[in-house]
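One-letter residues, chain by chain:
Number of protein chains: 2
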Amino acid sequence: MHLFYTPDIQPSHPQYFLNEEESKHAVRVLRLELGAEVQLIDGRGGLYTAQIKDAHPKRTILQITNVITAYGKRNHYLHIAIAPTKNLDRLEWFLEKATEIGIDEISLIICQRSERKEAKTERLNKIITSAIKQSLKAYHPVLNEGISFNKFIAKSFDGQKFIAHCEPGVKLNLKEELRHGGNCLVMIGPEGDFSPAEISLALDNGYKALTLGESRLRTETAALEACFEVNFLNR
Amino acid sequence: MHLFYTPDIQPSHPQYFLNEEESKHAVRVLRLELGAEVQLIDGRGGLYTAQIKDAHPKRTILQITNVITAYGKRNHYLHIAIAPTKNLDRLEWFLEKATEIGIDEISLIICQRSERKEAKTERLNKIITSAIKQSLKAYHPVLNEGISFNKFIAKSFDGQKFIAHCEPGVKLNLKEELRHGGNCLVMIGPEGDFSPAEISLALDNGYKALTLGESRLRTETAALEACFEVNFLNR
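Here the protein sequences line up with chains A and B, keeping their order.
The first sequence begins at 1 in my numbering and counts up by one.
The second sequence begins at 1001 in my numbering and counts up by one.
Hints are computed from structural coordinates only; laboratory data are not their basis.
Since no wrong hints were added, every one of them can be taken at face value.
Covered by chain B, per the in silico footprint, the following chain A stretches (three or more residues, Cβ under 8 Å):
#: 1; stretch: 100-112
#: 2; stretch: 130-136
#: 3; stretch: 217-229
The following residues of chain B were derived to be distant from chain A, with all beta-carbon distances above 10 Å:
#: 4; residue: 1011
#: 5; residue: 1015
#: 6; residue: 1034
#: 7; residue: 1039
#: 8; residue: 1046
#: 9; residue: 1047
#: 10; residue: 1065
#: 11; residue: 1077
#: 12; residue: 1107
#: 13; residue: 1110
#: 14; residue: 1143
#: 15; residue: 1150
#: 16; residue: 1199
#: 17; residue: 1201
Model, not experiment: these values are computed from the prediction.
Every residue gets a Cβ at the ideal spot worked out from N, C-alpha and C, and that includes glycine.
Work out the full structure, taking the sequences as your base and the hints as a guide.
As structure tokens, then:
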């Protein structure tokens, strides 16, 4: 059954009009006809079943037949702040995989040693949207615009805050530290790691140093490892 | 320090001759000179430190100054059998990430519903080799040539065997089942899943049905999830 991402639909709506692009896709490409069943997700937990009431190529009308709210609601909150990789493919892979595994929020942080100083979130958001449709998730992870490390560090976060880095020193691990069912934020640095000054600033701002295992991981692999660990520990 | 992958070196060798391609790379590209220090990995656990004795662009001579055997030896054995994805990028991504996280052996299995019936291992092996160099691992995961599901299922494996599938039914999970420090084999099917006949055949051959969580995962994501879980549980 085909799935549409329609963030503007509300659970109370008895019917819904697909926009021009989606109507054309439904009627001309998918060749859906009167009575065909489709699904809609609103990105806020709503999963809707609908039937085509009018297969108009510019303004398809859907009759909503069922609504599930809080579909697949997650039992914990995970925010990963990652330094965008020089090669955007790697960042896109991370966003797709993290969305499949489970994530609530992603921030892009520009660090002292970042090779990439900016990343356009419009295209990155499309990767996330495709991933939620493909993996049938009704919640759309939030992607924040790039921000400097210093600005990000100063933002408040109600939960556990961790910074994963490769400098020597005492580090905690999630298996022992993570509070299940809570809010967790993990910062992942660029390929050259966070600078000692950045690590220091993070620790001064309530972040705890974190290890993600013994292997030397690329930025996007470390970010996904953190995502795996938090989701796995929260099962 | 630059790292070379030299599978033909032995721990007993007092010196080593780089081949033509690597000599040219060392001398013309990296511009290494007499006395420069480099590292070598042999793919079987050996991590060697060496000094350049003769910076010849076709036949660089290295003096071995230190040998570590069993560098980063893993404390468990993981074999993942994965149906090659239609899009080879996805399979390559999995090989790179699994190598970073930790894996011993990968088999390519051609299933009833596989969209890709073959995959050239030469290029795939290069992905793995790059990944061990980048993540400083001295063991080179083994990649086996494509084989049909039925032929693979009949092969013996001394350890726990799991098949991850999406059909309904009772499934075990690694958190409870995995014997730490042992040998583990996980089969991951194509995008269309294993067929009921394949699942049946696997169960008849000592495989146990496995769940990798509640999310609907792509083939390569499921394979990496399995890789992550086994490594994490063995820490």
